[in-house]
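With chain A's structure known, arrange chain B on it following the hints.
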Amino acid sequence: MANTKSLRMTLWTVVALCAAIFAYAYFSGGAKNLIGADFGAPFKLSSTTGGEVDSASLKGAPYGMFFGFTHCPEVCPTTLNDMSVALKELGEPAKNFRLFFITVDPDRDTQDVMCDYISNFDPRIVGLIPTDNELQKVAHDFHIYYKKVATSDGGYTMDHTATLFLFGADGKLKSTLGYDEDKTEQMTKLKKLLAG
Amino acid sequence: MNITTKTIAAICLGFAMLMSTANAQDVKVGSITIHHPWIKQPVPGAVAAAYATIENTGKEDDTLLKVAVEGVAIAQIHDMKMQGDVMKMDELKDGLAIPAGKTVELKPNSFHIMLIKATTTFKAGQEVKGTFTFAKAGAVDISFEVETGKPAMGGMKMNGMKMN
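Residue numbers (my numbering), protein chains in the order written: chain A, 1 to 196; chain B, 1 to 164.
Pulled out of the complex, with its shape left as it was, chain A reads as follows (with noise of 0.2 Å):
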């Protein structure tokens, strides 16, 4: 009887340990986990193009999406800069990628701010402002923390997830570009993307 308990205790024990690493792995991977799954949900939002981004509409051509605010003043600009240069480097396979610049502050960036800040880049990023109700929905679907942060003018600034998402022509996630990633393995990322 004694041996049917320990093994019992063994047994629970490989339980336990499989629940935990399996967990871990969940929790930390982040996105890394979600390439090739069925990353996101259909959304259709207002865009800085006049009218809405509907994301049935973009199978076809490769895309990107990142979410900032245009009071940023590091992350987003230089994502957006960055960007602009690499798409002029890959030259004609990027001639039909799209990059989204989704705002997680629809309270200021309102569709009149968003156009002047996205007309600053190249004319592929496309700036996609969601209700507050719609960027809750986009947010939670895109695994994206946005949190508000209080300034000592009244003001605030935005904490939010950096990492650019891509998709391939199939709407597919096929990779993410973290903020503080390697230039050359961004662009190997992207080429690699453009190939299909």
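Calculated from the structure, these hints are not laboratory results.
Just so it is clear, CB atoms sit at the ideal spot from N, CA and C, and this is done for glycine as well.
All the pointers check out, no bait thrown in.
Below 20 Å or equal to it, Euclidean Cα-Cα: the simulated EDC-like pairs (lysine to aspartate or glutamate) are:
| # | chain 1 | residue 1 | chain 2 | residue 2 |
| --- | --- | --- | --- | --- |
| 1 | A | Lys192 | A | Glu181 |
| 2 | A | Lys147 | B | Asp90 |
| 3 | A | Lys148 | B | Asp90 |
| 4 | A | Lys189 | B | Asp85 |
| 5 | A | Lys148 | B | Glu91 |
| 6 | B | Lys123 | A | Asp116 |
| 7 | B | Lys81 | A | Asp182 |
| 8 | A | Lys148 | B | Asp85 |
| 9 | B | Lys102 | B | Glu55 |
| 10 | B | Lys88 | A | Asp153 |
| 11 | A | Lys148 | B | Asp79 |
| 12 | B | Lys88 | A | Asp159 |
| 13 | A | Lys147 | B | Asp79 |
Using C-beta positions, here's what the derived DEER-type ranges look like:
| # | chain 1 | residue 1 | chain 2 | residue 2 | range |
| --- | --- | --- | --- | --- | --- |
| 14 | A | His140 | B | Glu60 | 45 to 53 Å |
| 15 | A | Pro93 | B | Thr133 | 48 to 56 Å |
| 16 | B | Lys59 | A | Gly91 | 53 to 61 Å |
| 17 | A | Glu92 | B | Lys28 | 50 to 58 Å |
| 18 | B | Lys93 | A | Lys59 | 44 to 52 Å |
Away from chain A, derived, C-beta distances all over 12 Å, residues of chain B:
| # | residue |
| --- | --- |
| 19 | Val27 |
| 20 | Gly30 |
| 21 | Thr53 |
| 22 | Thr57 |
| 23 | Thr103 |
| 24 | Thr131 |
| 25 | Ile142 |
Only chain B this time, still in chain A's reference frame:
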């Protein structure tokens, strides 16, 4: 043009060059030295940020309490860091500690002074006056130079992705 006028012109030019480099020189107040105060030329319409390297050669810790920049309604001391995939930004409401014998770098992707509600557009080459106020060393006037910062591709690494 005779020799004398040429000489005077040369001297004037020399002085002009000295004057212009003087702006980029280090500024000292008490045991604090401020090296290379600069503002990164922002994307038009975007928020600009100012940077500097602050050295404390004294035996006492100091704190950068307040920053004022000409043509800017609010200059806030912020800390930016990446936590995993998330960019986090916090205002350092009690100021930025400059420990004794240490050098603290305000640089892209790290500590910076966020220039909120600017009435001026910052263009490379422009000079912008400002004041740093330290808890112990007191206030000191400085002059920021607007710079483009870096080439868009590849240069990012050099500008301090090594976060402490």
